[in-house]
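If you're matching them up, the sequences are chains A and B in order.
Counting along the first sequence from 1, when you hit position 64 you're at 87 in the working numbering, and nothing is skipped either side.
Counting along the second sequence from 1, when you hit position 31 you're at 1121 in the working numbering, and nothing is skipped either side.
Check before you lean on any hint, since a few could be wrong.
[Unchecked claim] Below, a sample of chain A positions facing chain B; criterion: calculated Cβ distance under 8 Å: (1) A194; (2) K196; (3) G197; (4) F198; (5) R200; (6) F202; (7) T208; (8) P209; (9) E439; (10) R442.
[As the list claims (entries may be wrong)] Counterexamples of contact, computed for chain A against chain B with all Cβ distances above 12 Å: (11) P28; (12) V94; (13) G186; (14) G201; (15) Q203; (16) N207; (17) R215; (18) T317; (19) W319.
Think of the hints as simulated: they come from the structure by calculation, not from any bench.
For glycine and all other residues, C-beta sits at the position ideal for the given N, C-alpha and C.
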Amino acid sequence: MAEPPATVTLTIDGRAVTVARGTTVWHAAEQAGIDIPIFCYLDRMPPLGACRQCFVRVEKMARLQTSCTLVAEEGMVVSASTPDVRGAQERNLEFLLINHPLDCPICDKGGECPLQDQTFAYGSGRSRFVELKRDFAKPVSLGSVLVLDRERCILCWRCVRFGEIVAGDDALKGFERGFQTEINTPFTQPVRSKFIGNTISICPVGALTSRTYRFQARPWDNDAVPSVCNHCGLGCTVWLDVRDQTVARVRPRETPDLNDIWLCDLGQFGFEWLHAKDRLTRPLVRKNGQLVETTWDEALDLVAARLAESRQRGAGRVGVLGGARLTNEDNFLLRRVFREIVGTPHLDHRLDARPGSASLQVAWGLRGPLAAIPESSLLLLVGCDITEEYPIAWLRMKQAVDHGAQLYAIHPKPLEIHRFITGRLIHSPGAEGVVLAQIANAVRGQKPDAKVLQEAGVDPAVVAGLVARLRAAARPMVFIGKNALEGPAGTTVLHAAQRLQAAGCMIHIMRGKGNAVGAALMGVLPGPGGWTAPEMIQQAARGALDVLYVLGGDPATEVGDAHAWAAAREHTPLVVVHDLFLTATGRDADVVLPALTYAEKHGTVCNLEGRVQQIEAAVRGPAGARGDGAILLELAARLGAEWSYGGWEEIFADARAAVPGLEIGAFRTPPPLQGDWPANGALPARSADLVLITGEVLFDRGSMTARSPAIADLAGPPSVWVHPADAASRGLVDGALAQLSVGAAGLVLRARLTEEVPPGRVYVPRGYDAVPVNRLLSWDQPLVTVSLRAIDAAAAAGPGSEVAP
Amino acid sequence: MPVLRDEARDEIRRLPDHYEHRQSALIPALFVAQREIGWLPPDTLREVADLLDLPSSEVTSVASFYRFFFLEPPGRHLVLLCTNLACALNGAEHIRHHLEARLEIPPGQITADGIFTFRESECLAACYLAPMMMVDCDRFGPLTPKSVDEILERYRAR
Ligand code: SF4
Ligand code: SF4
Ligand code: FES
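Between the sequences and the hints, there should be enough to build the whole structure, so can you do that?
Okay, here's the thing in structure tokens:
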């Protein structure tokens, strides 16, 4: 039989339109530039046909048709503007407005509201409805960021379907039925989602609005400045909407092959720190044991003098930590100043790595574009908590799963996306290397050792299923996360991953926040003979450094061993910090220089794909603070360099000369894995005590997020997750204060009873600066066992303990 | 923490085997849970969600859609008055007023003595009885104010 032709031609409003077979009439009209109003249809989701706004007349069809659901056929004759169609559109709007309050003057959506616009374009301007309108108590608060005005809702179901189809979190639903239907969460509880901000952008009316933006501005008040989210490392494109030198909101900036039209809630609501009251505005230097305000000249002279002194004592007595929060241009200058002028090879942006960890032995980033994830038929997460660490990447994985891909996760605890995971490989802590090695060997034909797998805590049948699928999969992908790389089995994981790569898997190294990949590209990595970040910290503790220079990082809370950092600080004569706030590291530093944020800078950044993107300064930033690049240029001048840069473009041009292929819009994809990593087949010793596992969470209370009330609220108090059985044996109830101790070190946290952590383990989210879990961690001991006990609040204020709010 | 008995949990776990989609087992599962507890408290809805591996929001949404499920403890008997087209044309409105007066509550509430939950309903598939109502599992109609009073008396005694 002959294939039907690939295109069909139809007529819309007298115009012939040729479209691909399968195109809907609405899209055909769109391609022809003919506007048909819609509410429920959103082209990121399949059509639903709920709102009836998109009616058209089709010749030979008895009734009006919804163009969003109707597939175009050869020879169809469609009219989108005849009086009967216009009449239907008008009546439909009249019906929608029956229950709509028309409180546009106080509605945040006013000025960018499809209902408003379409009523203006297609409505009659009059209503025949004289009865009383529905009236609801308003507004309904649905948690930290979302507010619902029920009477404005037109029941288009976009927000509900977003949760079902795009995010997979089913956060909002319709309750009750018919006339009484309302959008809500079960029992109006706070919404549980990492993506709920997107429902605000796609709601075609003002029913869903954001708590951070409510009543802040009108769209026409705002200047939209293109930028790039600096949180997780995926570099989603955003608009910063600026009013009166203040970022009023962050919105997704459409980039189809990156974040598309979406953002995660950290990206969307985690910006209020930009304008926090305690932004640093004056340089601080330590005098008689106290940090005191000083002038830029004095601070810079002092730092330059000490760097020059150190240079005289010999090369390599200065260490530089950080760079992930800087632009490429800042990082390029950082490298030039310290490598060329100061003459030290000790630079490293990876300040949260453990000495010798696998993280330090591999280039970070995705080995292919994010947009290729949905083409894969098998996705394997290894120590990568994807929704907590790289949320927008999950949306691509969800698409893959919807296309039939199988998802597997090797992790020491269940993941929140467990419903979508075909095979859960929840292993005993530290056993990820052995599990992955067994899988890699099995893919290459060796029989997996069922006994070893069982001892590692995983089901051999699930492994067998994974192996069979890996052999047959199209474009299988493995995502290796921080937990696996920084764990005791990191190199075993890399060893196995390389073998999987040889068997056809694409291996992604899911590591690094903000502009970490750009920092690496610009060379903020150890030079010849240079030390890695943890080596610098160890060497500094032995007095090997004169100066430690820290930029946009907080080693006191981020280094995976608080004591190691404290020793480094103690034995280094000068610690210099660039930061926005007085962090724990800053409080103990000798010089603190107030810096600018990404929203206050021009330049470029790279995301985990190695995609080079431009950002624009949206606001000026507090008077007195300076960009990291500007500070570095001042130091360079004081150290005798005669550089002249007229702006970021000139620095970028220099960087391009040094880094081939660095072009805005281009990808500097890291190379495939290649290395010689030792594999260790031994399983870690079983422990009868509770094992502590830690991990990144999307919502935490770090230096930026603690100053973003919406995010701090979503994060909740610092907590320890305990399995109900372990809690019961310790008399712990949900929400109670619990003391978690390792030897003499202890933290007081809120117990969160959940089966999301297996018995025998406790989980503590990282990123709470006030109660840093790194106090309990030690580089020498990759697996930490802890004791846990219930305490009463009065007894909690002991030394070495911090009381959670 | 499970609230349902192990037997009920097993029964719910087995339900999806009868259907092509797991979602299809949801309504039967809700009936099992309601049979056990008498209504569907939030914890029970979550438990059903866990047992079927469905989002608990979806389970709650479905439970709120159907008039046979109770999200609050119900009265001893359920009075469902059909107000759909056939019944409306045959005077359901009049019967509703009568029921409201007799039970002393509007639809959607429980009588003060806790005997009746009174709800309006969509079509109950007995249009030939219009105007009709259902009390627990029995259908009655065509209703008159007098027959309504008799029916209520009968159930009050049970
Ligand atoms: S809240 Fe908005 S997006 Fe959700 S159904 Fe109502 S109108 Fe649609
Ligand atoms: S996924 Fe990452 S880059 Fe994208 S908005 Fe969220 S935090 Fe920002
Ligand atoms: S847009 Fe077509 S029915 Fe809603």
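Tested hints:
1. A194: 7 Å, holds
2. K196: Holds - the Cβ of K196/A comes within 8 Å of chain B, reaching about 4 Å at its closest.
3. G197: 6 Å, holds
4. F198: 4 Å, holds
5. R200: Check passed: Cβ of R200/A comes within 5 Å of chain B, closer than 8 Å.
6. F202: 11 Å, violated
7. T208: Holds, about 7 Å.
8. P209: 4 Å, holds
9. E439: 12 Å, violated
10. R442: 6 Å, holds
11. P28: 35 Å, holds
12. V94: Label holds. Min Cβ-Cβ 25 Å, cutoff 12 Å.
13. G186: It is violated; G186/A is separated from chain B by about 8 Å at its closest Cβ, not greater than 12 Å.
14. G201: At roughly 8 Å from the nearest Cβ of chain B, G201/A sits no farther out than 12 Å, so the non-interface label is violated.
15. Q203: 9 Å, violated
16. N207: 9 Å, violated
17. R215: About 8 Å separates R215/A from the closest Cβ of chain B, which leaves it inside 12 Å; violated.
18. T317: 55 Å, holds
19. W319: 54 Å, holds
The structure is inconsistent with the numbered hints 6, 9, 13, 14, 15, 16, 17, although it conforms to all the rest.
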